[in-house]
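Novice: Chain by chain, the residues run as shown.
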Amino acid sequence: MATITIDEKKFEVDPQLTVIQAAAQQGIEIPHFCYHPKLSVAGNCRMCLVEIEKMPKLAIACATQVADGMVVKTRSERVLKAQHAVMEFLLINHPLDCPICDEAGECKLQDYAYKYSIGASRFDEDKVHKPKRYPLGPNVILDVERCIMCSRCVRFADEIAHQPVLTFTQRGDHVVLTTFPETQFDSPYSMNVIELCPVGALTSTDFRFRARVWEMSSTESVCVGCARGCNINIWVRNNEILRLTPRQNEDVNSFWMCDEGRLGTFKFVNGPGRVSSPWIRKDDRKVTVGWDEAIAAAASGLKAFKKGEIAGLASAYATNEDNFAFLKFMRDVVGTKAIAFLEHTAGEDDDLLIRADKTPNAGGVRALGIGSNADSILRRINDGAIRALYALEDDIAANPDWKNALAKLEFLVVHSPVENATTELADVVLPASTYAEKHGTFVNFQKRVQRIRPAVATTEQDRALDGFAMSRWDKFASHNDRWGKGPRRDARPSWRIVQSLAGAMGTKWKFTTAENVFAELAENVPEFKGLRYLSIGTRGALLRTPQRVTEKA
Amino acid sequence: MSQNGKMIRKEDLSFWQRIYIPEILKGLRLTFMALFRRKITIQYPEKRFTPPDSFRGRPVLVEENGVERCVACGLCSRVCPALAIEVQANETALEKERYPEKFEINMVRCIFCGFCEEVCPEEAIIMSKEYELVFESQEEAVFGKDKLLVPIEKVRDRLEFLHKHR
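Chains G and E supply the protein sequences, listed in that same order.
Just so we're aligned, residue 109 is where the first sequence starts under this note's numbering, counting upward by one.
Just so we're aligned, residue 10 is where the second sequence starts under this note's numbering, counting upward by one.
Source of the hints: derived by calculation from the structure; they are not laboratory data.
Among the hints, a few may not be true.
[As the list claims (entries may be wrong)] Residues from chain G that face chain E, not an exhaustive set, calculated with beta carbons under 10 Å: (1) ASP251; (2) VAL252; (3) ALA319; (4) GLY575; (5) ALA577; (6) TRP581; (7) PHE584; (8) ALA585.
C-beta atoms are modelled at their ideal positions from N, C-alpha and C, and glycine is treated no differently.
Generate coordinates for the entire structure from the input sequences, incorporating the hints supplied.
Specialist: Put into structure tokens, the structure is as follows:
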């Protein structure tokens, strides 16, 4: 251990660290643009200059290793003067277009202009003009004028995305960030440079100009794009998801997430393909009905069959709570053992985040004891042995074999957030909440249980009473405000639908929240033993390795 | 009023005040004189009040060269203490890059404080001299761009006033 003094306070720190890392560990912020904990040190922004005793000149904290007895000053007069100078230089050619810039509100340069600059410019000459709206790739647009040449994106492309196509050309104040000729930055992880960029130079093609950051609420959740379960924030305005951003979790995804997860997993929540209300099929026509009627139709439909004739398909897209309630219903209420789920894989695991398993919860469904061998159910449907099927949130009919089999069924009940090939064949369709509308847990490929939280309100939820993250607009909207009237869907979490169905079939359950369901799940499933919503927290918790004890009679 | 409830006057009324008639005449004299003073009442709606440049009437959006100056930064919406303003931005091919696809002011919420005008970095939203606001429903009170946009020629007075008192 090395003893160092930062701003007259003594700390014991690991001698391998740099000054900026040691200071960060002790909660002392040294301003920086180009330094990033997951990228190599470039040392080109000069913002992290600090005064170190016995060194003739100021030193950059990101590239100076800690030494025993080192005395560092981060707020001395010399340091402040240097910070002012660096900020003044950076702002010489940086356009003052914060009102137009999407980064405003979460911009490092903007924040530092308040914290570390004198707030005035002595530069009267014209600013340098450079290309605007330059597409680096399909998902990232560059505004070269705003770039402060920190090179974070260049290093990210080289070191993390392994697609080294970004570089600087020209010199001095004419420096331009660009791609190598005839290449584009189309890595599956390209959009991470948007958060990495300390200014508004790199913006998302998808989110550009959609909303100011302070208008949205942000909710901690988990990406449902694959079995990695990257930690994310869901950004919502007027009950509509506008963007997803990665949330740091060193055990799962570090600071990153893939473009596919970021762009491909929230648009279905906003519609327009959602199931708008429960419906049943009467004389080959879809008839929209209320919840009670739909539940009653599902219950009476299932009651018409013997328990051996009914099968259930759980879903790796649904939460553990939903699958547990479903399993409990099929075993205890219906009394069938024909329960399985379908796996969904595509491509291969890559070496950063992306997993071949495209479902967020396969590990959880397996931990509940549900197998993925659905072939026997498929065979028995084709044989005519199974005549009715109850399926959770999964588009089973996307698979042609299953589509043919579903057509042979006499009765099909489906939970689904969206209208799809399966709902086309169903007799009763119950609109299920999406991952962004409910509490629940998923188990990722590492067997890590992670929580999701509601960010979008359904018709029966109230943002304030149900503890949602609230933007200023959410707090104050009244009936005569148009911005309070974002679309709300009539959907319910699957565990609640299953509970209603159990009630309609004569078995009353008393779950009031997803947390209740999880508590019972944790009591009954050995892998989940001892876990509670509170202990899972924002970082997730690993499942226990089950020690199956053979019962002695 | 004293503590024991007895009425105390600084001065008792004089004889002439007590007989009442002269005081009435004094009052009538004042009323009669007002007939010959400059008239303040305006015969609205036949005649209309022209407010001074400092007047804060309903907020409007300045239209210059056929487009709004507004870049949809949303600062007016953020600063508005009554949350009257909703802005939805989008991209434009113009140099300003960003424009308000939707700009709505709920005039039932607006309190005419002028903060939106003060915060605007583009002098795009300013307080006009218009004070006649009549709605028959809540929906009608939400003014969109169609009602808010005003050509710059019509609001020169206010812009000059703002420049003078910046």
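Novice: Each hint should be assessed against the structure and marked as holding or not.
Specialist: Going through the hints against the structure:
1. ASP251: Since the shortest Cβ distance to chain E is 9 Å, the answer is holds.
2. VAL252: Check failed: Cβ of G/VAL252 comes no nearer than 14 Å to chain E, outside 10 Å.
3. ALA319: 8 Å, holds
4. GLY575: 22 Å, violated
5. ALA577: Because about 18 Å separates G/ALA577 from the closest Cβ in chain E, which is outside the 10 Å limit, the hint is violated.
6. TRP581: This interface hint holds because 7 Å falls under the 10 Å limit.
7. PHE584: This hint holds: G/PHE584 lies near chain E, its Cβ roughly 5 Å from the closest one there, short of 10 Å.
8. ALA585: At about 8 Å, which falls below the 10 Å cut-off, the nearest Cβ of chain E leaves the hint on G/ALA585 intact, so it holds.
In summary, the structure is inconsistent with hints 2, 4 and 5 from the numbered list given earlier, while agreeing with the others.
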